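Visitor: The primary structure of each chain is shown beneath.
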Amino acid sequence: QQQVKQSPQSLIVQKGGISIINCAYENTAFDYFPWYQQFPGKGPALLIAIRPDVSEKKEGRFTISFNKSAKQFSLHIMDSQPGDSATYFCAAKNTGGFKTIFGAGTRLFVKA
Amino acid sequence: GAGVSQSPSNKVTEKGKDVELRCDPISGHTALYWYRQSLGQGLEFLIYFQGNSAPDKSGLPSDRFSAERTGGSVSTLTIQRTQQEDSAVYLCASSPAANSYEQYFGPGTRLTVT
Numbered sequence: 001q002q003q004v005k006q007s008p009q010s011l012i013v014q015k016g017g018i019s020i021i022n023c024a025y026e027n028t029a030f031d032y033f034p035w036y037q038q039f040p041g042k043g044p045a046l047l048i049a050i051r052p053d054v055s056e057k058k059e060g061r062f063t064i065s066f067n068k069s070a071k072q073f074s075l076h077i078m079d080s081q082p083g084d085s086a087t088y089f090c091a092a093k094n095t096g097g098f099k100t101i102f103g104a105g106t107r108l109f110v111k112a
Numbered sequence: 001g002a003g004v005s006q007s008p009s010n011k012v013t014e015k016g017k018d019v020e021l022r023c024d025p026i027s028g029h030t031a032l033y034w035y036r037q038s039l040g041q042g043l044e045f046l047i048y049f050q051g052n053s054a055p056d057k058s059g060l061p062s063d064r065f066s067a068e069r070t071g072g073s074v075s076t077l078t079i080q081r082t083q084q085e086d087s088a089v090y091l092c093a094s095s096p097a098a099n100s101y102e103q104y105f106g107p108g109t110r111l112t113v114t
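Chain order of the listed sequences is A and B. Start counting the first sequence at 1; every next residue gets the next number (my numbering). Start counting the second sequence at 1; every next residue gets the next number (my numbering).
In short, the hints are calculated from the structure, not lab data. Do not rely on the hints blindly, as some may be mistaken.
[To be verified] If we take Cβ atoms under 7 Å as the criterion, some of the chain A residues that face chain B in the derived model are:
(1) P44
(2) L46
(3) G96
(4) F98
(5) G105
[Unchecked claim] What follows is a set of in silico ranges between Cβ atoms, one per label pair, in the way DEER data are often shown:
(6) S53(B) <-> M78(A): 39 to 45 Å
(7) G16(B) <-> G60(A): 30 to 36 Å
(8) L39(B) <-> G96(A): 32 to 38 Å
(9) T78(B) <-> F109(A): 23 to 29 Å
(10) T112(B) <-> S69(A): 32 to 38 Å
[Said to hold, decoys possible] Below 30 Å or equal to it, Euclidean Cα-Cα: the simulated DSS-like pairs (lysine-lysine) are:
(11) K5(A) <-> K15(B)
(12) K58(A) <-> K99(A)
(13) K15(A) <-> K57(A)
(14) K57(B) <-> K99(A)
(15) K42(A) <-> K15(B)
(16) K5(A) <-> K42(A)
(17) K5(A) <-> K111(A)
(18) K71(A) <-> K99(A)
(19) K5(A) <-> K17(B)
(20) K57(A) <-> K5(A)
(21) K42(A) <-> K57(B)
(22) K5(A) <-> K57(B)
(23) K71(A) <-> K57(A)
(24) K15(A) <-> K111(A)
(25) K71(A) <-> K57(B)
(26) K11(B) <-> K57(B)
(27) K71(A) <-> K58(A)
(28) K15(A) <-> K42(A)
(29) K58(A) <-> K5(A)
(30) K99(A) <-> K111(A)
(31) K57(A) <-> K68(A)
(32) K57(B) <-> K15(B)
(33) K58(A) <-> K42(A)
(34) K11(B) <-> K42(A)
Every value quoted in this text rests on a predicted model; they were computed, and no experiment measured them. Cβ coordinates follow ideal geometry from the N, Cα and C atoms, glycine included.
Please work from the sequences and hints to get the whole structure.
Guide: Structure, rendered in structure tokens:
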């Protein structure tokens, strides 16, 4: 119940295309859903996050879509660029808890 | 300001040796986490410190693993009698408070056990 399932494991997208990464969760107590971006040799860094009271959040080329009834959320990267090539982790957390549950990660490669 | 720093950045050790990994969190952050990231894998929670409270050690994989946090700041993760399966990147993260949502990660220590 504490798991966050992430797919795909890896993704190759042409420059200018849309990258889509999906995540699903079971625990309805989760109320914060961040996405972290990790470049090789670096630690993960917060990219964008959403709370379940909204269905979509957009920051620049990055959009989170959230489906509360399906317990699913996804990251869309519009106009994908080679500089977006990284590993992306979805995650979930609940208020009052200290633990953030991370998905297994998606390795994105954007071809120039 | 300065982010989370970790040292060493790389550590190669022989099987059976003990290793110590260090984490310097962001100044003023009371919460500190250790994670393990194996090749191509996600983030495995190891241990959590919050202020002066007893740490949550529920993620430590065996009694060879231990961690301490001195003075509510610097933390050390110790792995005794290292095994080859301990080879991974060990990440440290800190947060401003116990229930903060965002975690700030260090660059990690890549541990290789030969």
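Visitor: Each hint should be assessed against the structure and marked as holding or not.
Guide: Structure-based check of all given hints:
Of the supplied interface hints, the one on P44(A) holds, with its beta-carbon coming within about 5 Å of a beta-carbon of chain B, less than 7 Å. Of the supplied interface hints, the one on L46(A) holds, with its beta-carbon coming within about 5 Å of a beta-carbon of chain B, less than 7 Å. Of the supplied interface hints, the one on G96(A) holds, with its beta-carbon coming within about 6 Å of a beta-carbon of chain B, less than 7 Å. Checking F98(A) against chain B by beta carbon gives a least distance of about 6 Å; that is within 7 Å, so the hint holds.
Given the 7 Å rule on beta carbons, the hint for G105(A) holds: about 5 Å separates it from the nearest Cβ of chain B. Our hint of 39 to 45 Å for S53(B) and M78(A) holds, since their Cβ atoms are close to 43 Å apart. Distance hint check: the CB atoms of G16(B) and G60(A) are about 49 Å apart, inconsistent with the given range 30 to 36 Å. Judged by the Cβ atoms, the range 32 to 38 Å given for L39(B) and G96(A) holds: they are separated by roughly 34 Å.
Remark: the range hint 23 to 29 Å for T78(B) to F109(A) is contradicted by a beta-carbon distance near 36 Å. The supplied range of 32 to 38 Å is broken by T112(B) and S69(A), whose beta-carbon atoms lie about 45 Å from each other. The straight-line distance between the Cα atoms of K5(A) and K15(B) is roughly 33 Å, outside the 30 Å bound, and the hint therefore fails. Taken as a hint, the K58(A) and K99(A) pair is honoured in the structure, with Cα atoms around 25 Å apart against an allowance of 30 Å.
Note on K15(A) and K57(A): the hinted pairing holds, with a Cα-Cα distance of about 23 Å set against a maximum of 30 Å. For a cut-off of 30 Å, the pair hint linking K57(B) to K99(A) stands: about 12 Å separates their Cα positions. Under the criterion of a C-alpha separation no larger than 30 Å, the hint pairing K42(A) with K15(B) is consistent with the structure, at around 26 Å. For the suggested pair K5(A) and K42(A), the alpha carbons sit about 23 Å apart, so the restraint of at most 30 Å is met.
A threshold of 30 Å between alpha carbons decides the hint, and for K5(A) with K111(A) the separation of about 26 Å falls inside it, so the pair holds. For the given pair, K71(A) sits about 19 Å from K99(A) by alpha-carbon distance, which is consistent with the 30 Å threshold. For the proposed pair K5(A) and K17(B), the alpha carbon gap of about 36 Å is over 30 Å, so the pair is violated. The straight-line distance between the Cα atoms of K57(A) and K5(A) is roughly 20 Å, inside the 30 Å bound, and the hint therefore holds.
Among the hinted pairs, K42(A) with K57(B) is consistent with the structure: their alpha-carbon atoms are about 25 Å apart, no more than 30 Å. For the given pair, K5(A) sits about 24 Å from K57(B) by alpha-carbon distance, which is consistent with the 30 Å threshold. A C-alpha spacing of about 16 Å is found between K71(A) and K57(A), which places the hinted pair at or below 30 Å, so the restraint holds. With a C-alpha separation of about 6 Å, the suggested pairing of K15(A) with K111(A) holds against the 30 Å cut-off.
Of the pairs offered as hints, the one joining K71(A) and K57(B) holds, with about 29 Å between alpha carbons and a cut-off of 30 Å not exceeded. With a C-alpha separation of about 23 Å, the suggested pairing of K11(B) with K57(B) holds against the 30 Å cut-off. A hinted pair counts as satisfied when its Cα atoms are at most 30 Å apart, and K71(A) with K58(A) qualifies at roughly 19 Å. Between the alpha carbons of K15(A) and K42(A) the distance comes to roughly 23 Å, so the proposed pair stays at or under 30 Å and holds.
Distance restraint check for K58(A) and K5(A): the Cα-Cα separation of roughly 22 Å lies within the 30 Å cut-off, and the hinted pair is therefore satisfied. A hinted pair counts as satisfied when its Cα atoms are at most 30 Å apart, and K99(A) with K111(A) does not qualify at roughly 35 Å. Distance hint between K57(A) and K68(A) is fulfilled; the C-alpha atoms sit about 14 Å from each other, no more than 30 Å. Restraint check for K57(B) and K15(B): the C-alpha separation of about 24 Å stays at or below 30 Å, so the hint holds.
Between K58(A) and K42(A) the CA atoms are separated by roughly 25 Å; this keeps the pair inside 30 Å, and the hint holds. At roughly 16 Å between alpha-carbon atoms, K11(B) and K42(A) fall within 30 Å of each other, so this suggested pair holds.
The structure fails hints 7, 9, 10, 11, 19 and 30 (numbered hints given earlier, in ascending order).
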